[in-house]
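Respectively, the protein sequence lines represent chains A and B.
All residue numbers for the first sequence refer to our numbering, where the first residue is 354 and numbers rise by one.
All residue numbers for the second sequence refer to our numbering, where the first residue is 354 and numbers rise by one.
Keep in mind the hints are simulated off the structure, nothing from the lab.
Glycine is no exception: its CB is placed at the ideal position from the N, C-alpha and C atoms.
Careful, some of the hints might be misleading.
[Claimed, not checked] Cβ-Cβ distance ranges computed for the label pairs, FRET-style: (1) P426(B) / G381(A): 58 to 66 Å; (2) K433(A) / W391(B): 50 to 58 Å; (3) L360(B) / G430(A): 51 to 59 Å; (4) M516(B) / G430(A): 33 to 41 Å; (5) M456(A) / M354(B): 39 to 47 Å; (6) R459(B) / K433(A): 43 to 51 Å; (7) I452(B) / R464(A): 22 to 30 Å; (8) G381(A) / F423(B): 58 to 66 Å; (9) L356(B) / G382(A): 37 to 45 Å; (10) R459(B) / G380(A): 22 to 30 Å; (11) F428(B) / G387(A): 30 to 38 Å; (12) F504(B) / R405(A): 28 to 36 Å; (13) I452(A) / R459(B): 39 to 47 Å; (14) M456(B) / A412(A): 32 to 40 Å.
Number of protein chains: 2
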Amino acid sequence: MSLSSILWALWYILPAYVANGSPVLVGGGRPIDGGRKWRDGKRLLGDGKTWRGFIGGVAFGTLTGVVQYFLTPGFYGDLKTAVLLAFLLSFGALTGDLIGSFMKRRANLPRGAPAIGLDQLGFLLSALAFAYPVMSLSSGQMLFVLIVTPFIHWGANYFAYRMGWKSVPW
Amino acid sequence: MSLSSILWALWYILPAYVANGSPVLVGGGRPIDGGRKWRDGKRLLGDGKTWRGFIGGVAFGTLTGVVQYFLTPGFYGDLKTAVLLAFLLSFGALTGDLIGSFMKRRANLPRGAPAIGLDQLGFLLSALAFAYPVMSLSSGQMLFVLIVTPFIHWGANYFAYRMGWKSVPW
C-alpha cells in the first residue's frame, strides 16, 4: 500500500473522527435516553449521551465534508457525494457510539469507564458500514484505518485530557 | 453484497476462528510470559496465555486450512496458498490475542475479565492484517466479518460455557 493511499484513507474517514470527537466540545444538555432505564434497571445510555452532542457531532462532521470537498473536489466527484458521505460517516460514527454506550451500560460499566476496543472501533465500524453504499475504502485501506485508529483515539483523548476538555484520559 | 460472497468471507476467516477458539480445549500448561512482570509490576500476559494454547491453536487453525483446501480447492488455487493463508490467519489471530492480553494486563484487568470489543475484534484485525499479503477479502466482506464476529464470538463463548469448557460466559 502506498503512502498516498494511506493518506486518502485518513482523509476519507476524517468526518467520522470529527463527529466522534466534537461532543467533547459541544456536548452537555439533555440526555438522549431522557433518564429512562432498560429492563435490567440500569440507564439505557446514561447522562454522557446527549442530543446536543449527537446533533452537534453530526453537524460538525458533515461540515467537515463540505470543507474537504472544496479542498479536494476530485476525490469526491461532486459536492452532493461529499456531503452525503460525510453525513453518513458522522451519523454512523455517533450511532455506533450510542450502541457502544448501550452495551457498556448492559455490561454494568459506569459512564466514562473505558471499554478497550469498543471505544476505539465501535464508532469506526459503524461509520464505515453506513458510508459503504456511497463510497468505500479498499480492503487494505480499511485494515489500515481500523488498526491505526485506536492509537489516534488514545492520542487525541490524552491531548483533550491534558487540555482540560475531558476529565479522564481515555 | 450477495449471500455467496458472505459465505465465502466466513469460509476465508474460519482458520482464525478455530485458532482463537481451540486454546479453550487444548490450553493449559506453562504460561508464555514464564511468570515475568512488566515494569508496572503486573504480569506481562498472565497465566491464561500458554505455549500449549498458542502452538495448539496455530496447529488446529492451519490444519483447518488443509481440510478447507480439499473441500474447495478452487477457492485457494493451490494447497500451498491454502496452508500459508490458514497459518497466517491462525498465527495472526493468536498474536492479536496476546497483544490484547498484554493491553488488558496494563489496564489492570484480571485474567478472564472481559474487554468488550478488544476480545472480539483484536484477534480478527490481527488475523486479517497478517493474511492480507497472501489473499484478502473485499472491503465489503471485511466489514461484514468485522461486524458479525462479535456476535459469533459471544454465541460460541456462551455455548462453551454451557458445555462446561469455560468457567465464564465470555
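Violated constraints from the hint list, given by number and in increasing order: The structure breaks hints 3, 4, 5, 11, 13; every other hint is satisfied.
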